[in-house]
Amino acid sequence: MHHSTPLHDKLVASRTVTEILNHINPVIESVSAALRNLKDEPIKAARFANSVRVSLKLASTSAGVKTMEVGSIDASDVARTAGRDASKTQYREVTDTTGLDTSEIRGHIDAAKTLSTLNGSLKDLNVAYQILLSEAFKPVSSAKTAARAVVAAIREANELRKQLMTRAAAVSAKMPKEHLTRCAQAAKIIKTHVDSSQYSAITVTHFIASRVGSVVNYQSFVNIKDFTTEDGFVYPIYIVVLTTSIDVNSGQTVIYLTSLQDVKAPGTFPFGTQIKSPSAMRSSLARLMAIDGHATFGDRRPVGRTTDQLRKTSALGLRTVKIGGKNMEISDGVRVSNNKIYVRLVEGLSPKERTAAINELVSIVSSMYRSGPSVVKNKNAITYRAVRGRQNREWLEFSILPSRGSKAGQMTLKRINEVAVMLGMDESQKRALISAIK
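As numbered in this note's numbering, the sequence shown has no gaps in its residue numbers, which increase by one up to the final residue, 448.
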């Protein structure tokens, strides 16, 4: 799973500064020319920060600046996205395209495609810069001069990328109203279920990603900046992407959802999972974020019991339980912390005994939160992971989630991790596998 541009191997194989410059100069020249020729006609991206109410101030080709508000999602919003004969809980499968402006979108699509090429150029420029600064080229006096030229090109490429991102952003007149509504809904779900302390800002940018025949693909990026997971890992940017594909002749509409752990150009990655309703969007979001390792998502339910209550009134407080007809010691500690249950496994378990102990503890926790007359209405998903505590003791960390999507995502991530270990994958290869299955 080696992901490199065609120029990468040539740069790595270069033995002189002249060779490197011969390979990289065409890239530098193309970036500089594109930046010079780019007309100064900004199309402002539709975006918002830390709010579900979206104020979209977008350049219009005919009537100056237009402002539009996308309010909070309520019953009337959902009703507007439902087909005449469909349930209000289902998204419309056919869009009324009579008022949809599909003119002059070629420029937006071209900008999105150019972004993909530019991303490759940036990778090549960074590779060239690192090589010029390496120990192998340290004695070569011209290497520093060449490195400065490459740095200047990287700055130009980043500026070009910034302007292209702005140009690729779709104007409001060319975005389907239903797509904007669904996008606001996705942002609201994220904002509701991710604690505000875990990110610095949430912004949304809209694009016209591509057109294939009569099908136009509208794409929105919900950007979560400085996203911090429960494990303390910080993603500078985490992106949820909503795509609406519309056949402008028939109005046939398909909606997709996926996620990215770094910035990619619109239309250059798989659209992801098809979604057909608000509830499916919620479940798909939970699944995607769980696969990406964000177990914080999913509206985690409170435990509803104290540590003392678990020890005294539940089977989790028992040191010995009967498994397979015989008494077995499986745990010697339990506590509640931050809406999670922690159960400490006894030491010295064989692999087979550990599996049996985990299965028993999962069964105990599941029965505690799935019993009673309201089991159908309030069915929970129980997720767990093994963590290490003091003296390197192993604990099981349980979360109680109302979302089947979170459970499905964590199960998928568990399988991916198992495959990655079996195949000896490194982190970049594992991330590529995760992206491929989403």
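Hints listed in this document are in silico derivations from the structure and should not be mistaken for laboratory results.
Hints are not guaranteed to be accurate.
[Claimed, not checked] Computed list of lysine to aspartate or glutamate pairs in EDC-like fashion (alpha-carbon distance at most 16 Å, straight line):
| hint | residue 1 | residue 2 |
| --- | --- | --- |
| 1 | Lys440 | Asp272 |
| 2 | Lys336 | Glu370 |
| 3 | Lys133 | Glu166 |
| 4 | Lys201 | Glu166 |
| 5 | Lys362 | Glu339 |
| 6 | Lys336 | Asp318 |
| 7 | Lys133 | Asp272 |
| 8 | Lys350 | Asp436 |
| 9 | Lys235 | Asp205 |
| 10 | Lys332 | Glu363 |
| 11 | Lys336 | Glu363 |
| 12 | Lys187 | Asp272 |
| 13 | Lys187 | Asp236 |
| 14 | Lys286 | Glu103 |
| 15 | Lys187 | Glu103 |
| 16 | Lys133 | Asp19 |
Each hint, compared with the structure:
Proximity of lysine 440 to aspartate 272 is assessed by CA-CA distance (about 15 Å); at most 16 Å being required, the pair is judged to hold. For the hint linking lysine 336 to glutamate 370, the alpha-carbon distance of about 13 Å falls within 16 Å, and the restraint holds. For a cut-off of 16 Å, the pair hint linking lysine 133 to glutamate 166 stands: about 14 Å separates their Cα positions. Under the criterion of a C-alpha separation no larger than 16 Å, the hint pairing lysine 201 with glutamate 166 is inconsistent with the structure, at around 35 Å.
Restraint check for lysine 362 and glutamate 339: satisfied, since their Cα atoms lie roughly 13 Å apart, inside the 16 Å limit. A distance of roughly 27 Å separates the Cα atoms of lysine 336 and aspartate 318; the hinted pair therefore is violated under the 16 Å criterion. Simply put, lysine 133 and aspartate 272 have alpha-carbon atoms about 14 Å apart, close enough for the 16 Å limit, and the pair holds. Note on lysine 350 and aspartate 436: the hinted pairing is violated, with a Cα-Cα distance of about 30 Å set against a maximum of 16 Å.
For the hint pairing lysine 235 with aspartate 205, the CA-to-CA distance comes to about 13 Å; that is within 16 Å, so the pair holds. Of the supplied pair hints, the one linking lysine 332 and glutamate 363 holds, its CA atoms being roughly 12 Å apart against a limit of 16 Å. Straight-line distance between C-alpha atoms of lysine 336 and glutamate 363 comes to about 12 Å, which keeps the hinted pair within the 16 Å bound. Between lysine 187 and aspartate 272, the direct Cα distance comes to roughly 27 Å. Violation of the 16 Å bound is thereby established for this hinted pair.
For the hint linking lysine 187 to aspartate 236, the alpha-carbon distance of about 29 Å lies beyond 16 Å, and the restraint is violated. About 8 Å separates the Cα atoms of lysine 286 and glutamate 103, which keeps this hinted pair within 16 Å; it holds. Distance check on the hinted pair: lysine 187 and glutamate 103 sit about 14 Å apart at the alpha-carbon level, within 16 Å; holds. Taken as a hint, the lysine 133 and aspartate 19 pair is honoured in the structure, with Cα atoms around 12 Å apart against an allowance of 16 Å.
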